[in-house]
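Chains A and B, in that order, give the protein sequences.
Okay, so the first sequence: first residue is 1 according to the UniProt record's numbering, each after it adds one.
Okay, so the second sequence: first residue is 1 according to the UniProt record's numbering, each after it adds one.
Calculated from the structure, these hints are not laboratory results.
Each hint can be trusted.
If several chains are the same, the list does not tell them apart, and a pair holds so long as it fits within one copy or across any two.
Derived pair list, reagent style EDC-like, types lysine to aspartate or glutamate, alpha-carbon separation capped at 20 Å: (1) 407 to 114; (2) 412 to 114; (3) 315 to 92; (4) 407 to 142; (5) 171 to 142; (6) 412 to 86; (7) 68 to 99; (8) 407 to 141; (9) 439 to 404; (10) 89 to 99; (11) 171 to 141.
These numbers were taken from a predicted model, which means no experiment stands behind them.
This is what each chain is made of:
There are 2 protein chains.
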Amino acid sequence: MCPSCEPEPAANGNGHANGASNGTNGSSNGSNSHPGFTAVQTKSNPHPHRANPYQPVGDFLSNVSNFKIIESTLREGEQFANAFFDTEKKIEIAKALDDFGVDYIELTSPAASEQSRADCEAICKLGLKAKILTHIRCHMDDARIAVQTGVDGVDVVIGTSSYLMEHSHGKDMTYITNTAIEVINYVKSHNIEIRFSSEDSFRSNLVDLLSIYSTVDKIGVNRVGIADTVGCASPRQVYDLIRTLRGVVSCDIETHFHNDTGCAIANAYCALEAGATHIDTSVLGIGERNGITPLGGLMARMIVADRDYVMGKYKLHKLKDIEELVAQAVEVNIPFNNPVTGFCSFTHKSGVHAKAILNNPTTYEIINPADFGLSRYVHFASRITGWNAIKSRANQLGVEMTDEQYKECTAKIKLLADIRPITVDDTDSIIRDFQRNLKLGRDHTTRPE
Amino acid sequence: MCPSCEPEPAANGNGHANGASNGTNGSSNGSNSHPGFTAVQTKSNPHPHRANPYQPVGDFLSNVSNFKIIESTLREGEQFANAFFDTEKKIEIAKALDDFGVDYIELTSPAASEQSRADCEAICKLGLKAKILTHIRCHMDDARIAVQTGVDGVDVVIGTSSYLMEHSHGKDMTYITNTAIEVINYVKSHNIEIRFSSEDSFRSNLVDLLSIYSTVDKIGVNRVGIADTVGCASPRQVYDLIRTLRGVVSCDIETHFHNDTGCAIANAYCALEAGATHIDTSVLGIGERNGITPLGGLMARMIVADRDYVMGKYKLHKLKDIEELVAQAVEVNIPFNNPVTGFCSFTHKSGVHAKAILNNPTTYEIINPADFGLSRYVHFASRITGWNAIKSRANQLGVEMTDEQYKECTAKIKLLADIRPITVDDTDSIIRDFQRNLKLGRDHTTRPE
Numbered sequence: 001m002c003p004s005c006e007p008e009p010a011a012n013g014n015g016h017a018n019g020a021s022n023g024t025n026g027s028s029n030g031s032n033s034h035p036g037f038t039a040v041q042t043k044s045n046p047h048p049h050r051a052n053p054y055q056p057v058g059d060f061l062s063n064v065s066n067f068k069i070i071e072s073t074l075r076e077g078e079q080f081a082n083a084f085f086d087t088e089k090k091i092e093i094a095k096a097l098d099d100f101g102v103d104y105i106e107l108t109s110p111a112a113s114e115q116s117r118a119d120c121e122a123i124c125k126l127g128l129k130a131k132i133l134t135h136i137r138c139h140m141d142d143a144r145i146a147v148q149t150g151v152d153g154v155d156v157v158i159g160t161s162s163y164l165m166e167h168s169h170g171k172d173m174t175y176i177t178n179t180a181i182e183v184i185n186y187v188k189s190h191n192i193e194i195r196f197s198s199e200d201s202f203r204s205n206l207v208d209l210l211s212i213y214s215t216v217d218k219i220g221v222n223r224v225g226i227a228d229t230v231g232c233a234s235p236r237q238v239y240d241l242i243r244t245l246r247g248v249v250s251c252d253i254e255t256h257f258h259n260d261t262g263c264a265i266a267n268a269y270c271a272l273e274a275g276a277t278h279i280d281t282s283v284l285g286i287g288e289r290n291g292i293t294p295l296g297g298l299m300a301r302m303i304v305a306d307r308d309y310v311m312g313k314y315k316l317h318k319l320k321d322i323e324e325l326v327a328q329a330v331e332v333n334i335p336f337n338n339p340v341t342g343f344c345s346f347t348h349k350s351g352v353h354a355k356a357i358l359n360n361p362t363t364y365e366i367i368n369p370a371d372f373g374l375s376r377y378v379h380f381a382s383r384i385t386g387w388n389a390i391k392s393r394a395n396q397l398g399v400e401m402t403d404e405q406y407k408e409c410t411a412k413i414k415l416l417a418d419i420r421p422i423t424v425d426d427t428d429s430i431i432r433d434f435q436r437n438l439k440l441g442r443d444h445t446t447r448p449e
Numbered sequence: 001m002c003p004s005c006e007p008e009p010a011a012n013g014n015g016h017a018n019g020a021s022n023g024t025n026g027s028s029n030g031s032n033s034h035p036g037f038t039a040v041q042t043k044s045n046p047h048p049h050r051a052n053p054y055q056p057v058g059d060f061l062s063n064v065s066n067f068k069i070i071e072s073t074l075r076e077g078e079q080f081a082n083a084f085f086d087t088e089k090k091i092e093i094a095k096a097l098d099d100f101g102v103d104y105i106e107l108t109s110p111a112a113s114e115q116s117r118a119d120c121e122a123i124c125k126l127g128l129k130a131k132i133l134t135h136i137r138c139h140m141d142d143a144r145i146a147v148q149t150g151v152d153g154v155d156v157v158i159g160t161s162s163y164l165m166e167h168s169h170g171k172d173m174t175y176i177t178n179t180a181i182e183v184i185n186y187v188k189s190h191n192i193e194i195r196f197s198s199e200d201s202f203r204s205n206l207v208d209l210l211s212i213y214s215t216v217d218k219i220g221v222n223r224v225g226i227a228d229t230v231g232c233a234s235p236r237q238v239y240d241l242i243r244t245l246r247g248v249v250s251c252d253i254e255t256h257f258h259n260d261t262g263c264a265i266a267n268a269y270c271a272l273e274a275g276a277t278h279i280d281t282s283v284l285g286i287g288e289r290n291g292i293t294p295l296g297g298l299m300a301r302m303i304v305a306d307r308d309y310v311m312g313k314y315k316l317h318k319l320k321d322i323e324e325l326v327a328q329a330v331e332v333n334i335p336f337n338n339p340v341t342g343f344c345s346f347t348h349k350s351g352v353h354a355k356a357i358l359n360n361p362t363t364y365e366i367i368n369p370a371d372f373g374l375s376r377y378v379h380f381a382s383r384i385t386g387w388n389a390i391k392s393r394a395n396q397l398g399v400e401m402t403d404e405q406y407k408e409c410t411a412k413i414k415l416l417a418d419i420r421p422i423t424v425d426d427t428d429s430i431i432r433d434f435q436r437n438l439k440l441g442r443d444h445t446t447r448p449e
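Whole structure, please, built from the sequences with the hints as guidance.
So, in structure tokens, the structure goes:
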């Protein structure tokens, strides 16, 4: 019921370099600094050329194979607690995102501060392939500043939940609708793209939402936006709302998901299945609180759904560099469990997994690390290792034994690994000692030192 | 369309301590080590006693309000690249999870190594409230070892996808079914709970799956398991498969979701909506590759769905301690974007957000940090701050001015924040200088130094 990985490009051999770096904490082959890991070369072609019986069945609504990214590291990401981007850093990030292939780059409102306005103008002048957007409140003052900056489009937002109407801006739906119409007509008159979005859409009145979206669609907005501003929405709620909205408006549908309850990637996917066209992302998901749909996590989800589309459009091998650029700029570590680029995303440890991976990586990998310029690792220095992993390591060391001897040698390694964490060097020593003792005809049941 | 937070316990006041720690990188009030943050006390009761119009409508299938946790840090978590737990650490983690209130604790197979067996026996003897499970391959050798350890239940697993049948164990469905029946009957004869699970369920043949689950259900298995071993499943696929299975078996349904494509929390939620009863978790999600549904992330999702159930069952204020315990044991940092306990999960930065949060936190928070013993923060030292946040900070400092003066003072702060990252001390200095100049009758348009 799931797609497997697609065929490997022929030029790549099996595509899995031995000893290449794997994530920020990745180890090179046999390094002591990351004990117990080694990059592995697998016997068989892991991604054989054959039809995939598990390809999901799409329907007429789905944009899973035709989505666009609105990259908001320079807007939502600037609302991340640790973020301060000076002009130079903003330009560096914008260029990297453009090179990666995102469709739009969204910037902080030029009304936020004088430097925000100047930076917005500077990025508009770079001549990037990506369209440049800025994000403003639904207010003519902000709109007037925005259209002067040279942006390709303006993203307008206003809170529509009872919470925000009561405790934030204090306006009712009539005021919101009238202001929206004024702002939209003004921006359109400057031949600039315009999106109108509610804020906190999943706690807004459905009739209010559909009513205002229908209105702004009729006056010619380019996109409407659905925002889970507080991160409360569940995937099936997202599907239902977007599917309903898809029947109400004919314009594009942009979606924005916060990650407070851990569903931001899944919600983006379900939105696309229901007919949304654009997904807001940020690098590493940085944004207000614990952030939004991460660019890398979305790539992980979407490459599993349609590898051809994703590989044809985005430079996936640049993902790790972009994440490191932004992580350094906002002074955070790339999380150990980050999709794709986390240091252990492609590390296999248990004996059962290692054995299967050595036969064929598609057994326990839905993503081919080579697509992102990364390698897989087999961790063989632990008590849950198996003899197939040890045999593989022994062969890397040029040690050949019988299967029975590999099994005995593995038992020795597990015996030591039961007592303390062991390193690649420990394991290699045991393998070499075992073989030496065999050659010398010594008792091979001797305990490791 | 989303639940808001529930009423606050009366004894707690508004429940939001001023200056309490917020996550590992949390700052105390006004500390220079974490510039620009301060814990805030909000004016209004953020969680008023009123009916919630956004409560999702449950249906007869849903176990969102009646789920059980099988905590697998000591099994799946031991397969995490960095994990080595000695006996003492295992016992410490088991006790902490038991105290937290998880329903089951799952341990590494006693067949994995001699120490794994001894540790399993030791944990069974602790007399914990949680039931102790061990996880074994579908093989009589493993089953015989497992039933001798004193566990309350055995979790049996075998790969059923074509990938695993071909490249891992090499057995066909007839062999799998016959072995399953033998193992299940053997374990049941010892009056021990038994779960039978396929591995890589979402790449398995649906007819094979339903057929074997129907068979094992009839012979009296306690639970069947659905495992997304490679992390490929999407939320709607999960809902469909579990809902179908719910119509086929009458026993409990356990689910296990890997996080390779970032959907592990969302998939767990959709599984419960479709009638699953048990969710596998690990602390921080540690496991093979980048892991499974995290305990803390699941709590974040579920407290939004049914706060009473979650608060009544689990000691949420212990979550941070447990995460720190496990993070130290496996030598990783708690990710900056971790649900609930990430250092910025409850930090609000943009002017619009800060203003609304100061009025009522439910505007931009779907989770009450006090439920987890944590605090919210307002970050007011940046160029995207607003005058409401600065007014709030000024009032904390005992500085009273007119709204017009707060706005002018805010403009000065934004001017400096446009140039470089600023600290709480910078902001406080500007506020105090501004007031001093006002008192002295000086020109209050003077630039900050």
